[in-house]
Amino acid sequence: MKKYLLLLFVVPLLLVRFDEVSAQAYMAEDGYVEFISTAPLLEFKGVSNHLTGLIDLDENLIDFYVDLTTIDTGIQRRNRDMRSTYLNTDRFPFAEFTGSLLTDFDSENQAKQQVKTLGKFSINGVEREIEVEGTLEPTPDGLLLEASWVILLDDYNIDRPRVLFYELAEEQTVNISILLYPRE
Amino acid sequence: MRSQVFIVLITLILYPSILFGQLQRERVEQDTAVELTFMAPRNINLFTVEPLSRGELHYSIMHTFGEVNSGAGDLWGVDQGANVRFSFEYGFGDNFSIGFGRSSMDKVYDVNARIALLSQRTDGSMPISVTIAPSVGINTSSFGFLDEDYSFSDRLNFSLALPIARKFSSDFSLMVVPMAVYFNRTGPELNISDPEINTYYSVGIGGRYKFASRTALSFQYIPPLTDAENLTNNIGIGIDIETGGHVFQMFFTTSRALNESYLISSENGNFFDREFRFGFNINRLFRIR
Numbered sequence: 001m002k003k004y005l006l007l008l009f010v011v012p013l014l015l016v017r018f019d020e021v022s023a024q025a026y027m028a029e030d031g032y033v034e035f036i037s038t039a040p041l042l043e044f045k046g047v048s049n050h051l052t053g054l055i056d057l058d059e060n061l062i063d064f065y066v067d068l069t070t071i072d073t074g075i076q077r078r079n080r081d082m083r084s085t086y087l088n089t090d091r092f093p094f095a096e097f098t099g100s101l102l103t104d105f106d107s108e109n110q111a112k113q114q115v116k117t118l119g120k121f122s123i124n125g126v127e128r129e130i131e132v133e134g135t136l137e138p139t140p141d142g143l144l145l146e147a148s149w150v151i152l153l154d155d156y157n158i159d160r161p162r163v164l165f166y167e168l169a170e171e172q173t174v175n176i177s178i179l180l181y182p183r184e
Numbered sequence: 001m002r003s004q005v006f007i008v009l010i011t012l013i014l015y016p017s018i019l020f021g022q023l024q025r026e027r028v029e030q031d032t033a034v035e036l037t038f039m040a041p042r043n044i045n046l047f048t049v050e051p052l053s054r055g056e057l058h059y060s061i062m063h064t065f066g067e068v069n070s071g072a073g074d075l076w077g078v079d080q081g082a083n084v085r086f087s088f089e090y091g092f093g094d095n096f097s098i099g100f101g102r103s104s105m106d107k108v109y110d111v112n113a114r115i116a117l118l119s120q121r122t123d124g125s126m127p128i129s130v131t132i133a134p135s136v137g138i139n140t141s142s143f144g145f146l147d148e149d150y151s152f153s154d155r156l157n158f159s160l161a162l163p164i165a166r167k168f169s170s171d172f173s174l175m176v177v178p179m180a181v182y183f184n185r186t187g188p189e190l191n192i193s194d195p196e197i198n199t200y201y202s203v204g205i206g207g208r209y210k211f212a213s214r215t216a217l218s219f220q221y222i223p224p225l226t227d228a229e230n231l232t233n234n235i236g237i238g239i240d241i242e243t244g245g246h247v248f249q250m251f252f253t254t255s256r257a258l259n260e261s262y263l264i265s266s267e268n269g270n271f272f273d274r275e276f277r278f279g280f281n282i283n284r285l286f287r288i289r
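If you read the protein sequences in the order shown, they are chains A and B.
6 is the number that the numbering used here gives to position 6 of the first sequence; each next residue is one higher, with no gaps.
28 is the number that the numbering used here gives to position 28 of the second sequence; each next residue is one higher, with no gaps.
This is chain A alone, in the form it adopts within the complex:
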């Protein structure tokens, strides 16, 4: 009798998982993300090829994150400063976005389609609701997502040098590009 009770409890939950993560889900762990800082005297970008993402069209779920310790700005000391001083990656290792599509997307249409998403973006332990526009393009291998948006460091409590030098811009442009494969 206990076994049946257990099954009654567990099976529905498992069914939720396998039912919901269906063939319309796409995923990848090697997407590209760049943060571009354009200060008056210096422009640089930090890049990573460890953007991990999931798009579940059935559930209308978009979920992305990147391990911020993988961001490379081209200068080791700047990387260390970025991790320790600005982004506090010991405590907040990820930049992440979780949201949903606001616009329709036709996966049968092979053309690149403009999409708009609404979701929560968090970095440095601060979460804010943002709208992101981008494109989704079905390819023979999966779905290609490209998107771009701007964040203000102050919005996320990211401190930056204000004494004497302004090498880190307040406004950061975030660009992502990721080819997502059908999730098995």
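Don't read these hints as lab results, they were simulated from the structure.
Computed from a prediction, not measured in an experiment: that's the story for all the values here.
To be clear about the criterion: a stretch of chain B counts as covered by chain A if any three or more of its residues have a C-beta under 8 Å from a C-beta of chain A, and this derived list gives those stretches:
hint, segment
1, 30–44
2, 236–245
For each label pair, taking beta carbons as the anchor points, the in silico distance ranges come out as:
hint, chain 1, residue 1, chain 2, residue 2, range
3, A, E127, B, L118, 35 to 41 Å
4, B, R287, A, S107, 42 to 48 Å
5, A, N49, B, S125, 25 to 31 Å
6, A, T103, B, F92, 50 to 56 Å
7, A, G74, B, N198, 46 to 52 Å
8, B, F100, A, E170, 37 to 43 Å
9, A, S100, B, R27, 24 to 30 Å
10, A, E170, B, S142, 51 to 57 Å
11, A, N157, B, F92, 37 to 43 Å
12, B, S151, A, E43, 52 to 58 Å
13, A, F44, B, N198, 49 to 55 Å
14, A, E127, B, D171, 23 to 29 Å
15, A, K112, B, E26, 29 to 35 Å
16, B, F100, A, N157, 40 to 46 Å
One side only, chain A facing chain B, incomplete, derived with CB under 8 Å:
hint, residue
17, H50
18, E59
19, L61
20, Y65
21, T70
22, I75
23, Q76
24, R77
25, R80
26, R83
27, S84
28, T85
29, T98
30, D159
31, P161
32, L168
Just so you know, even glycine gets a beta-carbon here, dropped at the ideal spot from N, CA and C.
We have chain A already, so just place chain B on it with the hints.
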């Protein structure tokens, strides 16, 4: 029964991610080297374990002025002139750098190396960072007034520092620095505490506490472990400011010395009698390749 409870618990733990289908967040690397134990290769005057990466060039200019108890007329020591040290240090590898510097006190040029022997790890498998820093200095002062001039060999001094540090938290780091120095020849003409002593040693202590994201309090204490006359405690307290590419270090210290050889061998004022000096370092990092 136990296995059933286990299954239920696991299911409950996984339930949110199952229900909402979000990705499980995973770090790319679980274990990395602890970074920025200190803001710069030196903490006030002591070498730190903070390494340069390959291709990085670190430039610093350091100053100490006269004692502040000289009063307002001398702008609390600034008018008494400064001991100035400039140095360049280049990272030939991520754990190996070579530096060159010149201090105006006794006109000493020095060549030094820093080799990171151990690095503290984030997973705790290595709790400390250890660096070895040997250096050779040459005194280029004119000693023509002496009956017996200094030969090339007489002018040399050798020092060895072994910073051992731990970053206890993102804010607090502490290090102990065993140090030894040998002067080939000494005399009253040198700015050292005891002209009869050639070998000096000590175990310095240094630390920093970040009270804001880019600002830290720092300190150093170098006790007089050598049985030498006029050798007393070297005490320094300061503030570090990181400004994006530059690190400014402003401090009060009891010694004019700015290099290893003289840090543990030259005279110090009594900190509590206001026999300390203002000093500052400016650190700048360049990427060469």
